[in-house]
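**Student:** These two chains come separately, so use the hints to put the complex back together.
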Amino acid sequence: MENRLTALSQNSDMADGTLLVPYMVAGYPTLERSLEAFELFAEEGADLIEIGIPFSDPLADGVVIQEASNRSLNNGTDLDDIFSLVKSLRKVHEVPLVLMGYTNPVYKRGISKFFSECAEAGVDGVIIPDLAPQESEEYLKSARENNISVIFLVAPNTTDERIKLIAELSTEFIYCVSVFGVTGQQINLPEDLKEYLERVKRLSRRKILVGFGINSKESALKLAPYSDGIVIGSAFVKLLSSDDDNSINELRSFFRDIRQSLRK
Amino acid sequence: MRWKEQIVDFKNYNLPDESGHFGDYGGSFVPETLVPALNELESAFRTAWVDEDFQSEFDHLLKNYSGRPTPLYFADKLSSMLGGAKIYLKREDLGHTGSHKINNTIGQALLAMRMGKKRIIAETGAGQHGLAVATVAAKFGLNAVVYMGREDTLRQSLNVRKMELLGAEVIPVDSGSKTLKDAINEAIRDWVTNVEDSFYMIGSVVGPHPYPLMVRNFQRIIGLEAKKQFEEIESAIPAALVACVGGGSNSIGLFHPFLSTDTEMYGVEGGGKNLELGNHSATLSEGSPGILHGSLSYILQDSNGQISPADSVAPGLDYPGSGPEHSYLKDCGRIQYSSVSDAEALAAFKHLSRTEGIIPAIESSHAIAKVMQIAADYKKSDGIIVCLSGRGDKDFSKEVSDGE
Ligand SMILES: Cc1ncc(COP(=O)(O)O)c(C=O)c1O
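Chains as they are written, first to last, in this note's numbering: chain A, 1 to 264; chain B, 265 to 668.
Taking beta-carbon pairs under 10 Å as the criterion, some of the chain A residues facing chain B (in silico):
#1 Gln66
#2 Thr77
#3 Gln185
Everything labelled a hint here was simulated from the structure, so no lab data went into it. On a predicted model such as this, the values are computed, not experimentally measured, just so you know. From the three backbone atoms N, C-alpha and C, an ideal C-beta is built for every residue, glycine too.
Just chain B, with the same shape it has in the complex (with noise of 0.2 Å):
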């Protein structure tokens, strides 16, 4: 039974449940076959997770291979431009390999040597998290197959030869509309077939369960640090977080450790050339809920329940599903969802460039947008934090950098 705006009591929140529910979100839809799988991932996730051998070892990387923290800076020109509120950058471009896809990546991959597994298959959109698997699995002498559509291997080549140089083995996906839900597609068929000898790294906080909880709980340092760092700052909690949505794993890492205060926080997602299905993908502020690579979830979908192809100009942003615990805090209220278009997101990326000299990934140029437009909504004396999850020079396709 699905609920708007009901109250839910964020000091005690504690989803997912037992078997992967957030509400009626999440779950496991998936092939029998990957059944023991999961659950052999799921018991060596919860083990890892509450090991303090794990713990240090993942602070450890995250510190000095990774770069943690990352900053929170002030952007004083792109705020007293903006005439509002204090405006915060939480570094994630900063980070190894120019994301917060490492968080994630280095997360699993100690995870996957835990469990014996050598071969690491993975999916990628922009490259970002194809490039951080592709890293771990260097570093640590795993096996990397990433599949990647035919499409994106076009406009983020640079990420291809990167991942190539690693020495992972990039797969062109072309079923489909040859994107990221596409190489999702073929990785799941690839783990139906290898499941006894490969690990799946998922990039984002989707799939079935337990990776929407693990992902998370990887990517949540983002909010951690940021709370901590602002406080320090402001001695007080930020008035807003504004974090763009692809699967979900920025927002979800910024957003997880502030869900019980009174921070308002906004998702926002790629509006692409307009919101006629098929040409953005805005999946939580315009799709329904469905069944997509393994949980139910908000997707983009036609009234017969075939998957509609996403659009954006950002290929990490570019795919019709979400996080299952995304939808859940949408039904609640909890946080705002809304898109915004691939020119105003265009715009922000010149913007920032220009007034901050920093040059932001066409992903998170979308929260970028979106701070643009609530800045001046905010008082003075208020603090809003946007995750800059990544940096922008993957994104030097004529298209984009030509800006508008």
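Isolated chain A (complex conformation) (with noise of 0.2 Å):
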């Protein structure tokens, strides 16, 4: 079968507006919650899903997203938990589904089961903040077997060169931090990005996801011309801190709005 990022990376076309890519941390504030979550943005015509593994050491992540990983924890979510999730989500939804961690989980688990258990589970990629992509051979090649896709991040200081190279590891997408720092700070967009991801696009001839900080729909729209997609994580993630009916409505309606303005 056709990984799904492929057939979203070759039908999406700027001029039709720009991807929304939520987040959330699986197991946060419950399980249950989150696969409400994971519906929602679903129903709600989200174009990629992450699904966050939660990890005791998030070191690329601000407290928003550190603090409902350890609540995760905290509710006994493991990998287990993560690819049940993962299927029920499937026996609805055909929308490109990524899990995002640390490279310690998916070691620990063993990279080639972990491959293959996200084949069978139905997911479509990975995306591994702290795997560079010099220490990458074996996960790329076990994710290759499996014919899940390695979306690699690059960040405003990385050179041209590295670039091409992460270009070339990559299959679909490449995902461009905004900022100097972790995930959920406040980002002031400067003229800087703007010529940043024009960069990364020229180079790599790869489609881009741009986040870290975009926390709004204002934020989402002023990158939005640069970008093929635009992330939302933390911002998403704050809405759901309490387990009930009420925040899932709000994070229905905040995201509801987002998808209509980035759509043309």
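**Tutor:** This is how it looks when you write it as structure tokens:
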């Protein structure tokens, strides 16, 4: 079967609007509630969904995702739970699903076991922020064997040479980190950002997603002209801090509003 | 592919390789933002390390600022009480700031200045590394920001006050287990955010390449001196070396120059209350390979790959990770890693104080406890060098000074 990310990258066109990519920590505030959030994203027209694997030491994340990860771990969330969650989403939805997590839980699971479980559950890709390309050989090999896409990150200080290297390792998308820093910080969209995103697009010839610090319709709209997709994480995670229907409803209307504004 | 007890030719030992690997271990597992910074650091370090001006400045400061060489002291009373080998203490406790940590911070400060970085980020557990950072920052006019687990700020409050006196900003860390691991997380988050103007001064042979290589090279002076001093006194090489292992910098500093000899080596970890996961810091002797803080090495983790909190009476050992070079040396069987419990370390703390009039750091007391266990297995003509990595006047929490 064709990887859903391949289809998405081929069929999407900036002329039709900007891809919206929501992120939520699996198992937060509870496993059931996070499943509701992922369903909501799918129902409301997310183009790609990032499912966060909680980790004890998320060093690329700010406090919001750190706390959400902790809460999820305290609930006992593990990879078995996450694969079942993916399977239940897959019963109903065809939206591409990407797991986002740190290297160690993947390493500990067994690299090839992890990727074959991904394929079996219906995962299309992974994002591993601390898996630098130079350490990724074994991971990429297993990913390819299982038709799973690995989405690498680039940062504003990534050199041209390295962008080209990363592009070679990437199949569909490259994730552009918007700022120097961790997730969930305020960004003040400098002029540089435009130049940076254009540089990555030009050198990589891949579709690009931009994320870190996009927390409102306004910031999403400001970046939309320069990117194929917008990733929003902490702002959604924050809205779900209490485990009740009210939060889910708020999340839905916030999401819907951004979704609409990014369509052309 | 991991191997056990593989025959490695230590006469030609030359790790890490170009990409920072010690066999399977090491490497650099970091967010992309840090890659340019690590490349810049590596090239600055490689250039400096072969530059005579850098070497002579480093040498000069180690001698005149820090007080090297530190003595190799024959602990005659301790030796005769134990009734075995002759025990020599490498007196890192007598250097400036009271521990071996200053060797590394002098080296890194010289490098930071060459790179034009004025803001220094560091983590600290016991406060000894933080103190050594604050010290060089004061001397060289750099701004130091030191992350320290909230729990450690309480049990090592004297060091917090010293760092503040020296002009460093100490930031208590409340995330996770509020100890060294979490302080490193916060330091890395700060570095990712301020990567363009900040220098991350890591305190042990851990983290992504080139830190394990660089910190080891700055600490090798311990072993180089000890080898020469022992040779002058005994006209021989020591039968064994013993050092405590937190991240592993004082131990690798002592061990590395001896890797090509027949000397036996013991790395001693914090055994904590007992060896159940969560109650100890015996990463190499009880843990398993995994990725923490940018490199692959032995770590303490659960079956899902979540990092387990460590525990030890010694804040400087209270860390669920270890240096990648130690992981490699463990797998080849070159170094024996084991742990001693909190209680054994506290007893050794008191014992050395009473027999030799030397109050050891509670971290170093772990090495003393180990030598007390093994001295009698050696001949009276054998010599054992123990790294006394720091002095104990930081350790007067009630728990520690009561002993046992
Ligand atoms: C006196 C002393 N010894 C040992 C250590 C452990 O560190 P390492 O294993 O890097 O030598 C520390 C760390 O804070 C320390 O303060």
